[in-house]
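Peer 1: We have chain P; now place chain W onto it with these hints.
There are 2 protein chains.
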Amino acid sequence: MQVKEKTQQELSICNHGYHEYLQLVRSFHGHIAPGMVLGGIMVDLAYRHLPEGEFFDALCETKKCLPDAIQILTPCTVGNGWLRIIDIGRYALTLFEKQGGVGIRVFVDPPKLEPFPELKNWFFKLKPKKEQDRDLLLDEIQKAGSMVCGFEEVRLDPEFIRADHRKGFALCPSCHEAYPSEHGPLCHGCHGQLPYIQQSKVKSGAVSKGP
Amino acid sequence: MQVKEKTQQELSICNHGYHEYLQLVRSFHGHIAPGMVLGGIMVDLAYRHLPEGEFFDALCETKKCLPDAIQILTPCTVGNGWLRIIDIGRYALTLFEKQGGVGIRVFVDPPKLEPFPELKNWFFKLKPKKEQDRDLLLDEIQKAGSMVCGFEEVRLDPEFIRADHRKGFALCPSCHEAYPSEHGPLCHGCHGQLPYIQQSKVKSGAVSKGP
Chain P
1 MQVKEKTQQE LSICNHGYHE YLQLVRSFHG HIAPGMVLGG IMVDLAYRHL PEGEFFDALC
61 ETKKCLPDAI QILTPCTVGN GWLRIIDIGR YALTLFEKQG GVGIRVFVDP PKLEPFPELK
121 NWFFKLKPKK EQDRDLLLDE IQKAGSMVCG FEEVRLDPEF IRADHRKGFA LCPSCHEAYP
181 SEHGPLCHGC HGQLPYIQQS KVKSGAVSKG P
Chain W
1 MQVKEKTQQE LSICNHGYHE YLQLVRSFHG HIAPGMVLGG IMVDLAYRHL PEGEFFDALC
61 ETKKCLPDAI QILTPCTVGN GWLRIIDIGR YALTLFEKQG GVGIRVFVDP PKLEPFPELK
121 NWFFKLKPKK EQDRDLLLDE IQKAGSMVCG FEEVRLDPEF IRADHRKGFA LCPSCHEAYP
181 SEHGPLCHGC HGQLPYIQQS KVKSGAVSKG P
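Chains as they are written, first to last, in the numbering used here: chain P, 1 to 211; chain W, 1 to 211.
If we strip away everything but chain P, and leave its shape as in the complex, we get (with noise of 0.2 angstroms):
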């Protein structure tokens, strides 16, 4: 007998199985948000219309969510560098090669979600969470692929481009901890730029020598 064909394709992210993707999201992102789902269907695209063979870097225009489906399935990492983010709030990101600049960027277009209610309600936080149904959300969201977005061909600023290299490091006079000196006579954190409300520092001796 014959064994049949499956005709149905499984929705690829980046050489990944659709499940195979849920995996790596649990385990990186500690849940399965719709976000990064739609995330990487988005990081997918750009992938896809990217010269080959090209290093690039990449921009992320909102820090919910997408900075991870980014990190996930690219090279690029917030810690590397190879990932920067501008938190405007708009769902979309970049890959661009740094030498040329040149990028595709990839992002939500809003008509499009108008055949998907659920994903709409979903993006535009038209529906409370409670009301939301997440599995008719994930089914939209495997449903429409990257026919909710859109993509174009980007240029970045050279100076964006780049790479901010540290020009050397200060003791700060009030931490004693070390500090980029273009930052002034004092670092940052003791200029206030720090949501601490209350600091006690541990002796040296009582600092355990760890492992």
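Hints are computed from structural coordinates only; laboratory data are not their basis. On a predicted model such as this, the values are computed, not experimentally measured, just so you know. Treat the hints with care, since some could be wrong.
Any copy will do: because identical chains look the same in the list, a pair fits if it lies in one copy or spans two.
As the list claims (entries may be wrong) - Listed below are the simulated DMTMM-like cross-link pairs for lysine to aspartate or glutamate, each with C-alpha atoms no more than 20 angstroms apart in a straight line:
| hint | residue 1 | residue 2 |
| --- | --- | --- |
| 1 | 127 | 164 |
| 2 | 64 | 87 |
| 3 | 167 | 54 |
| 4 | 125 | 135 |
| 5 | 125 | 10 |
| 6 | 64 | 164 |
| 7 | 167 | 118 |
| 8 | 120 | 133 |
| 9 | 98 | 153 |
Peer 2: Quick look at chain W alone, frame taken from chain P:
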């Protein structure tokens, strides 16, 4: 014949063996950066001083390397909002429970670097990268462990702890994308807060249906 027991314990980082942690670093961060090794030790130190069983969030005072150590070793990521970065350039992190705001801040304590000259040179960028001895540096980081760190109890500002919930979205009349309505009549992207110097939207019909 009795097998001789290993007497020297391998450095362990949040329940990962040292080499296992290096694998995680390579896979997520792309390469074994010294800052990631030191960062792992710092996250481990913070973890060991947290009250057991509490949920916690993370605050990182630099965007270089350390956020990735936090993202690899804790449930806190940029995209899920449990890791927030205030980039003031101090190599320090705080894990805090978000009910009361009490946390443990771990920082590099400069005087403690004195016995580790290669580590000190690297940390303060006293030598150009090509003159650094990478093996010696990693060896010193391993030997030093958390001895080069200090830690302190901190309390976070309740204003900072409160999650920022988006109130609603508007359609930007310029780019026609969704943005947080509290930003005003135009999205911040169209207000010039993004480093694009050229954009060319692909027409709707040209968007591939995707996977």
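Peer 1: Within a copy, between copies, both or neither: where do residue 127 and residue 164 come within 20 angstroms Cα-Cα?
Peer 2: between (42 angstroms within a copy, 18 angstroms between copies)
Peer 1: At 20 angstroms max between alpha carbons, let me know whether residue 167 reaches residue 118 within a copy, between copies, both or neither.
Peer 2: between (50 angstroms within a copy, 19 angstroms between copies)
Peer 1: How would you classify residue 125 and residue 135 at a CA-CA limit of 20 angstroms: within, between, both, or neither?
Peer 2: within (17 angstroms within a copy, 52 angstroms between copies)
Peer 1: I want to check one pair: residue 64 and residue 164. Are their C-alpha atoms no more than 20 angstroms apart within a copy, between two copies, both, or neither?
Peer 2: Cα proximity of residue 64 and residue 164: across copies only (11 angstroms, versus 24 angstroms in one copy).
Peer 1: Go through the copies and call it for residue 98 and residue 153: within, between, both or neither, with a Cα cutoff of 20 angstroms.
Peer 2: Close inside one copy (14 angstroms), not across copies (41 angstroms); limit 20 angstroms.
Peer 1: 20 angstroms Cα cut-off: does residue 64 pair with residue 87 within a copy, between copies, both or neither?
Peer 2: both (9 angstroms within a copy, 18 angstroms between copies)
Peer 1: Go through the copies and call it for residue 167 and residue 54: within, between, both or neither, with a Cα cutoff of 20 angstroms.
Peer 2: neither (29 angstroms within a copy, 39 angstroms between copies)
Peer 1: When no copy is specified for residue 120 and residue 133, does a C-alpha distance of 20 angstroms or less occur within a copy, between copies, both, or neither?
Peer 2: For residue 120 and residue 133, the Cα distance is within 20 angstroms only inside one copy (12 angstroms; across copies 55 angstroms).
Peer 1: Taking 20 angstroms as the upper bound on the Cα-Cα distance, should residue 125 and residue 10 be classified as within, between, both, or neither?
Peer 2: neither (28 angstroms within a copy, 49 angstroms between copies)
The earlier numbered hints that this structure contradicts are 3 and 5.
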